[in-house]
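In order, the protein sequence lines correspond to chains S and W. Heads up, the first sequence is in our numbering, so the first residue is 1 and it goes up one at a time. Heads up, the second sequence is in our numbering, so the first residue is 1001 and it goes up one at a time.
Just so you know, the hints here were simulated from the structure itself, not pulled from any lab data. Bear in mind that the values here come from a model prediction, so they are computed numbers and not experimental data. We put the CB at the ideal spot given by N, CA and C, even for glycine. Certain hints may be false.
[What the hints assert, rightly or not] Negatives, chain S to chain W, calculated, CB over 10 Å:
(1) E25
(2) A30
(3) L35
(4) H45
(5) L47
(6) A113
(7) I142
(8) Q170
(9) Y178
(10) V184
(11) V291
(12) G311
[To be verified] Computed Cβ-Cβ distance ranges for the label pairs, DEER-style:
(13) N1418(W) with I31(S): 45 to 51 Å
(14) I134(S) with I1184(W): 41 to 47 Å
(15) D1328(W) with I297(S): 57 to 63 Å
For reference, the chains in residue letters:
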Amino acid sequence: MAVDTLATEHAAPAPGWKKLATMREAGLIAIILALCIVMSFASQHFLTLGNFRAMLMSFSVEGIVVVGMTILLIVGGIDLSVGSVVCFSMVLSGSLFLMGFDPWTASLAGILASAAIGCIMGFFVTVVGLNHFITSLAAMVIVRGICLIITKGTPLSLFTLPSGFKAVGQGTFYGVPYVILIFVGVVILFDFLLRRATAFRKVFYTGSNERAALYSGIKTSQVKFWVTVLCATLSGVAGVIYMSRFGAATPTFGAGMELNIIAAAVIGGASLKGGSGTILGAILGIALLSVVTSSLILLDVSVYWQDMIKGCILLAAVSIDHFLHQRKAI
Amino acid sequence: MASVPVLEIRNVSKHFGAVKALTDVSFSLERGEVHALCGENGAGKSTLMNIIAGVLQPNEGDILIDGRPVRVTSPAVAQSLGLGLVHQEIALCPDATVAENMFMATTNRRRKLFMNYGKLARDAQAVMNRLAPIDVRGNVGDLSISNQQLVEIAKALTLDCRVLIFDEPTAALTETEAQTLFGIIRDLKAHGISIIYISHRMAEIFSLCDRVTVFRDGRYVSTERVADVTPDDVVRSMVGREITQLYPPKQTRGERSAETILTVSDLGDGARFHGISFDLRKGEILGIGGLIGSGRTEIAEGICGLRPTSKGVVSLWGARLHSRSYADAVKAGIVYLSEDRKGSGIFLDLPIAQNISVLDLKALTGPAGLLNAKAEADLAGRFVRRLGIRIGGMDMPVSSLSGGNQQKVAIAKQLAVNPKVILMDEPTRGIDIGAKSEIHRLLRDLARSGIGVVVISSELPELLGLCDRVLVIREGSVMGEIEGEAMTEEAVMRLASGIGVNESSKASGHAA
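Chain S with its partners taken away, still in its complex shape:
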């Protein structure tokens, strides 16, 4: 490879920023493994297939949203409305189904409507010129309100969903739940695109230095717009899967989910300043949070303590992020 020969040509074995980046992911894997080992001694229920499947299931759907959030963080944005949009997609598809639409058509409509919310947010960010934080904060409240309006505040019971549709959230393929397969598919697809596709390279340019990107002829507004739409669309996909899995649509579902999602992406190395982040890291981030949650439950830790402990983990991760950025500036 040309890269390798050049690297050796110019001597100086790299002190390895890449290594450091992979070290962070390796570090996350090590922390997760260590936690698993400790837990396998602490609780006999931890190291069981059932528990692992439950953990994987629990973060698979959120993981789809994490992928969108990570890409949005790389471009320098953030989306606080993901929890509301997940719920919106679920509630809209659910009520369309109850109105007599085919569940697949209803789901497609839910996903497209979520994308439309992304378009509206993208409009306010790129054309009106508001920032992602404020725009998505407003969207979070507005979309949650829409969910309440659609359902008149009561959960929709969807037990009449055909089994073919329920299989998406509940069925398995040779013993592996479809949910996990979809999740892995999304992760592999976007990890690949992020590393190889030209369109996604522009996401890194824009997030790393928007002015330099602009001075390189990149239409940074368009990039930010489409990434915003992508994140909302993936939230819509997650909402539909949740509907299939639970056979119900609750207008309060997903409240507070955005914090978990952002925490996972940040723990996995995405910077709130933009320009850096990996899908693998973000997935490890949500895996870590999931293992922690599962452990806290198995250890019978009071529900009241769980949020606090997760918050502390987030704080530690953000501190590391800040520290790394300071080091980088030198």
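Given the coordinates of chain S, assemble chain W onto it according to the supplied hints.
Coordinates of chain W only, in the frame set by chain S:
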């Protein structure tokens, strides 16, 4: 003048990394004098003023006030010592009122729980009335640039200063406002306040100041009584240096080509520049000189679609360009190297290869929309070798490189699209001598290979040593064009600072 100087600088040196901004500089200021400080851009004036004002710390040397050594460790310490600085750049809070801005330092020092806004406004208005009829209850952000400059001056007047430094205070002022300011400076002087006055404008210096000190290349050159010298003497000592740096040989007479690559005619943006016309001929390096803020950068941005223009035509190889965006200009073959390398030139935390490829991703993209990583690495590898960029590895971030190598990456980025014209804004700013002359040789090679090269530089030796022809810009217009024998530092400085316009027209006549 037998008394102890109010302020004395002894053997001060300051360097930023490898770049020496000041070397063993001394300077003294008597009580009640107006002392001019002159030098080219980059001579070290602003660095010294920032050291006096506590913004920067010297690496060596002493500052004495009334003969006693002091350490000015912060702007707050400078204020308590009675040293005030009127910044060249406006440093005000746009969302606060004029009065609040003027008394910011005083408010910060007071240890009171509540603000007395009524008194603040009255005191501020009293000071402001000496300068201009500006309502101190309005927000600073709503004022014009020249009024903001006046607020900056008023702010310094509210401090109980013994030494007041003005860093090019008239750059943004109208003639009348400048006259008012001169009146105030004379008044301050009569009250025994000492003034350091930094300016490029000889007329101001000779009507206002008692003594003039000249810096050059971060070193002290001379101090003279204004009465004993002429403006020409001052300009000469500002620029009179041997050219120690070796530049690549210029175009010979025989190499000169009549072919024109780029034609700019009557270009203007309705604000920062107007009536800009010039030709860029094949094989030459065209320099654009002028003081900082004269509109050089804006002109370059206007040519390559980074700044909207309201008037004029740009043609490349005879074909009229309609670049509404920079992407259009790049497509046509005009690229621009920004003077602000870190802010808008490179992606510090992205790998070297990704920095070099950014301008033309399409060429590296396959039919499926995927980047060809190998082609990208090859492209980057080619330019790393061609420009001799010293790197640890292609996948390392640009931030791991030295300033000179970062700049080469920025240039490689421009060259990777096979441009027809490159506009280089301060191509060698802040990089060491070795990398500098490598870049100079590279630019000469590019010109010789038929690429149009335009170099904007604040460094006169670079402008004169590197370029075949120089346009001098002042206040957004071309003041003159000099070439060949007429290319001297004095000629450029005269045109740039607006003195001796007659002689300069002679110079441009000679060139034409």
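Comparing the hints with the structure gives:
1. With a cut of 10 Å on Cβ distances, E25(S) stays outside the contact zone with chain W, its closest approach being about 16 Å.
2. Chain W leaves A30(S) outside its interface by the beta-carbon criterion, the shortest separation being 24 Å against a cut-off of 10 Å.
3. Every CB of chain W lies more than 10 Å from the CB of L35(S), the least distance being 30 Å, so the non-interface label holds.
4. No Cβ of chain W approaches the Cβ of H45(S) within 10 Å, the least distance being about 44 Å, so the stated non-interface status holds.
5. The claim that L47(S) lies off the interface holds: its Cβ sits roughly 38 Å from the closest Cβ of chain W, which is beyond the 10 Å cut-off.
6. At roughly 27 Å, the least C-beta separation between A113(S) and chain W is larger than 10 Å, which holds for a residue marked as non-interface.
7. The Cβ of I142(S) lies farther than 10 Å from every Cβ of chain W, with a closest approach of about 29 Å, so its non-interface assignment holds.
8. Distance check on Q170(S): its Cβ is at least 35 Å (rounded) from any Cβ of chain W, clearing the 10 Å threshold; non-interface status holds.
9. Separation of Y178(S) from chain W is adequate, the least Cβ-Cβ distance of about 27 Å exceeding the 10 Å criterion.
10. At roughly 21 Å from the closest C-beta of chain W, the C-beta of V184(S) stays outside 10 Å, upholding its exclusion from the interface.
11. For V291(S), the condition that its CB be more than 10 Å from all CB atoms of chain W holds, with the nearest at approximately 30 Å.
12. Here G311(S) stays apart from chain W, with its beta-carbon at least about 28 Å from theirs, past the 10 Å limit.
13. Here the CB-CB span from N1418(W) to I31(S) is close to 49 Å, well matched to the stated 45 to 51 Å.
14. Taken as a hint, the range 41 to 47 Å holds for the pair I134(S) and I1184(W), whose Cβ atoms sit roughly 44 Å apart.
15. Distance hint check for D1328(W) and I297(S): the Cβ-Cβ separation is about 59 Å, which falls inside the suggested range of 57 to 63 Å.
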